[in-house]
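*Asks:* Now for the letters of each chain:
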Amino acid sequence: MTDDAKRSGLSRRSFLRSGAAGALSGGLAAGLLTEEAAGAAADTDAPKTVGPGPVEIELEVNGVTRRLAVEPRVTLLDGLRDRLDVTGPKRVCDRGTCGACTVLEEGRPIYACSRLMIESAGRSVTTVEGLGSPDAMHDVQQAFVENDAQQCGYCTPGFVVATAALLARHPAPSEQEIEAGLGGNLCRCGTYKGIRAVVEGAGGGGVSGG
Amino acid sequence: MADYSWPEAERRALIGSRPARLDGPVKSTGFAKYPSDQNPQGLLAAKILTCPHAHARIVGIDTSAAEAMPGVRVVHVIQGEGAEIQWAGDEVAAVAAVTEEVARDALRAIRVDYEVLPHFVTEADRDGAPDARPAGERTEGDPDAAFATAHRTVERTLGMPQMAHMCLEPHGQVCSWDGDELEVHASTQAVSTLGGQFATELGVPASQVRIRTEYMGGGFGSKFSPDRWGIVGAELARKAGAPVKLFLERDQEVTVAGSRPSAFARIRASADEQGRLVAWDSDSWGSGGLPGTGQTPLPYVFSRLPNRRTRHTSVPTNLAGSRAWRAPNHPQACFLTMAVLDDLADELGLDPIDFLERNLDLTGRADTYREQFAIAAEMASWKERWQPRDRTREGAVHRGLGVSVHTWGGRGHSSNCDVTVHPDGAVEARIGSQDIGTGTRTIVAQVLAETFGLELHQVRVSLGDNVYPQSGPSGGSSTVGGVTASTRRAAQDALREVLVHVAPRLEAEPEQLVAGGGRVFVEGDSSRGMSWREAAAQIGGAPISVQGRNPGPGRLISSGVGGVQIADVEVDIETGVVQVERMIAVQDCGLIINRRLAESQVYGGLIMGVGYALYEEWIPDPVSGRLLNADMEFYKLAGLVDVGSLEVHMMTGPGYDERGVIGLGEPPVISPGAAISNAVANAIGVRVPYLPLTPDRVLDALAGRGGPA
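In order, the protein sequence lines correspond to chains A and B.
Note that this note's numbering gives residue 64 to position 64 of the first sequence, counting from 1, and the numbers run on in steps of one.
To convert a position in the second sequence, counted from 1, into this note's numbering, add 210.
Hints may contain errors.
Claimed, not checked - In the SDA-like style, the derived pairs of lysine to any residue whose C-alpha atoms are separated by at most 25 Å in a straight line are: (1) K846/B - E175/A; (2) K846/B - R67/A; (3) K846/B - G183/A; (4) K846/B - A136/A.
To be clear, the hints were calculated from the coordinates, so they are not data collected in a lab.
Bear in mind the structure is a predicted one, so any value in this text is a computation, not a measurement.
Just need the whole structure built from these sequences, with the hints factored in.
*Replies:* Have a look at this one:
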């Protein structure tokens with residue numbers, strides 16, 4: 001593994017305020033613009049390209065600052081799994097369809113397979129491992145256990161993260177909100193009955209075990 | 211001989227209860243490390259180059275550019291010059307490199323020249339198939355005479371295409387060599403048998419191959435062997451002198467790593483004036499890729515139907531060979547049979563449940579089905595809600611009910627389990643089984659804890675490793691019977707040994723003692739007892755270790771189950787869209803170890819069934835010979851909002867429990883295709899002849915066109 005991870009001791013907020021991370025983030029964003037778009041934006045901000053070789057980036061993963069050199073083509077998912085050994089998010093479809101790789105970036109659920117890792121530079125990423133641990137489970141994780149909302153468990157990390165994001169926004173979600181929040185995740189064993197029980201048991205703001 | 215049995219109902223503390231699965235917390239937090247999550251030090255990533263042609267001969271292969279690339283460690287030719295490739299996606303070469311990205315670059319640098327040969331991938335087209343061959347014909351009674359005098363006859367051509375297993379964790383493994391010892395973290399359903407298969411292919415003793423599968427991401431019948439990518443992964447690791455991770459990419463997983471055979475048939479069936487089945491003639495065909503298919507078991511369930519003729523034709527195609535798919539052959543046979551019987555009921559003017567009940571003597575378990583029909587009909591309010599087929603075409607949305615029945619064996623497989631009681635009271639089981647998501651780890655723990663009168667958290671279960679005693683592959687719904695029987699026998703024997711040591715202290719005979727509630731005591735006088743910990747201390751300094759086996763003495767397991775399912779659907783006749791509103795499943799499986807996990811198996815079967823009834827199919831392109839939907843965008847699985855309301859009733863208690871443990875993974879996935887198709891026919895007044903029930907097929911049927919399969 002190429003990472004030199006260490007506890008930063010910084011909160012996410014102070015991490016994002018740090019000049020280095022901010023500059024890195026801005027530089028990369030500019031570098032990813034097309035030439036036309038960048039030219040139209042500002043002459044003074046000449047587009048900066050990175051790659052194809054490895055690029056040094058920093059990002060916060062589950063509250064820990066991680067620094068690594070990664071090629072621009074590496075997805076956030078592959079970077080997490082292969083470079084940082086954060087294997088909760090799973091690679092299943094690898095095409096933004098099944099949701100097994102769902103993580104939170106700055107609190108918002110995204111498909112980690114459909115994002116380049118360098119796009120997440122300077123940002124905070126929370127995977128299923130960051131929500132809770134077996135001895136201190138997040139309410140949603142506890143509810144997945146109690147409702148048997150998992151069989152082989154390979155879709156579970158993505159479903160847990162998507163469900164946590166859904167319930168954070170909509171504590172008692174409507175059918176349309178459930179469809180929007182979880183319609184982008186797929187299970188093969190057929191655990192939807194339990195997952196629905198997790199979500200519908202959530203009415204009133206908390207997740208109940210049902 | 212010692213007596214082996216399950217405790218009486220009133221004495222069961224854990225068996226039949228609803229404890230949560232023990233590995234739930236590690237799975238729901240992402241802490242569970244699957245084979246594909248293993249990242250040992252110095253790991254290399256491997257990728258496989260596949261053939262883009264459905265039929266071709268390799269004229270030349272040049273790997274020199276790939277070998278020269280920085281970061282590439284090994285390039286391995288799997289099929290070289292002169293090899294004939296029989297399906298798109300077949301493996302040609304493999305690369306191990308420092309990262310996945312470099313390995314993919316290296317694949318692109320390999321040059322392969324092919325002589326492209328003619329191919330055939332249109333499985334439904336029996337007449338156009340170059341290699342179609344007869345695969346069985348059988349006649350019982352006199353079908354021609356019976357058809358000639360029958361009261362009502364229907365004739366239908368029906369079918370369902372090949373579909374994918376679509377395991378979420380792709381097939382693959384991480385291989386590491388230490389000298390001539392190989393360790394494989396494999397995503398497999400067969401921990402105890404896989405090592406020997408690796409050993410044979412690699413030329414090392416089986417004793418030197420370790421298989422580890424703590425967790426695995428789905429198999430459904432497709433993960434029993436090392437496969438070519440397993441052997442290649444081990445070879446790459448041996449050549450590289452480093453661990454190698456090789457998991458299939460999603461397009462490879464869909465294309466080569468598992469499909470269910472198709473089944474098509476032209477069927478005639480007849481009944482007399484009393485609604486009794488009198489004649490059957492089926493001319494079936496199907497494909498499982500290159501190997502074709504064997505006979506589909508027709509007529510399904512009603513197999514004692516007199517006067518029947520069955521013929522089958524195997525249709526080989528230039529597609530990868532099929533694999534066992536959850537309840538092999540049954541979903542296809544069920545759909546073909548139950549659709550025709552449903553149409554015949556309509557022709558007779560009978561309620562289909564009434565019609566099936568009139569013919570239950572043609573099945574092997576009439577009493578079970580009769581009881582299950584009554585329960586399912588009650589749950590569905592069938593008597594109040596069922597109407598004859600709606601042929602009005604008034605309004606856009608039409609509702610319908612459909613029914614189906616199914617059967618399965620489910621006898622426990624060969625299994626060995628070591629149970630050890632330590633002097634400090636610790637109890638553990640070691641078993642070379644695997645938990646493929648069905649809850650095997652949890653049910654073994656329940657049997658163990660039940661036998662010793664302990665709480666679930668007081669026992670430890672180790673599985674998923676071939677250093678543990680041999681236990682069978684998880685296929686055919688055979689695991690629950692196998693592992694619970696071997697565990698129970700070992701646990702009962704180990705407990706008896708403990709009781710021999712305890713008896714003198716309690717001034718009783720060992721046979722008078724029982725374990726329960728964390729204590730060992732004289733039956734009928736719980737004051738004469740001691741804590742489990744104290745009891746275990748009586749065994750002396752060394753642990754007691756006992757192996758239990760299955761098969762073995764005592765009636766712990768049996769086989770043979772029935773199930774009835776009812777589908778309640780809405781069909782929009784303007785768009786052709788089918789929505790499953792409700793699925794009802796009534797299922798027996800003998801003695802239930804864990805109600806929660808048993809119900810989960812049935813819910814899962816219903817959900818997978820909605821998937822193949824409405825969405826799932828392999829779509830091979832006749833021109834290129836490749837699958838058009840080797841992905842998850844266009845190969846559609848059912849989603850959370852697609853499956854409607856699911857209701858399960860388990861047949862349990864007196865009359866069922868005495869049969870012992872019977873497997874459950876497969877039966878509930880058999881009926882949904884038939885039940886949903888029958889519900890659609892009930893809703894729209896016409897049979898949609900092919901699954902999945904996509905809008906185009908529904909609209910074709912409504913327009914009076916048979917449409918393409």
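*Asks:* If a hint holds in the structure, say so; if it does not, say that too.
*Replies:* Okay, the hints, checked on the actual structure:
no.: 1; hint: K846/B - E175/A; in the structure: 21 Å, holds
no.: 2; hint: K846/B - R67/A; in the structure: 38 Å, violated
no.: 3; hint: K846/B - G183/A; in the structure: 13 Å, holds
no.: 4; hint: K846/B - A136/A; in the structure: 36 Å, violated
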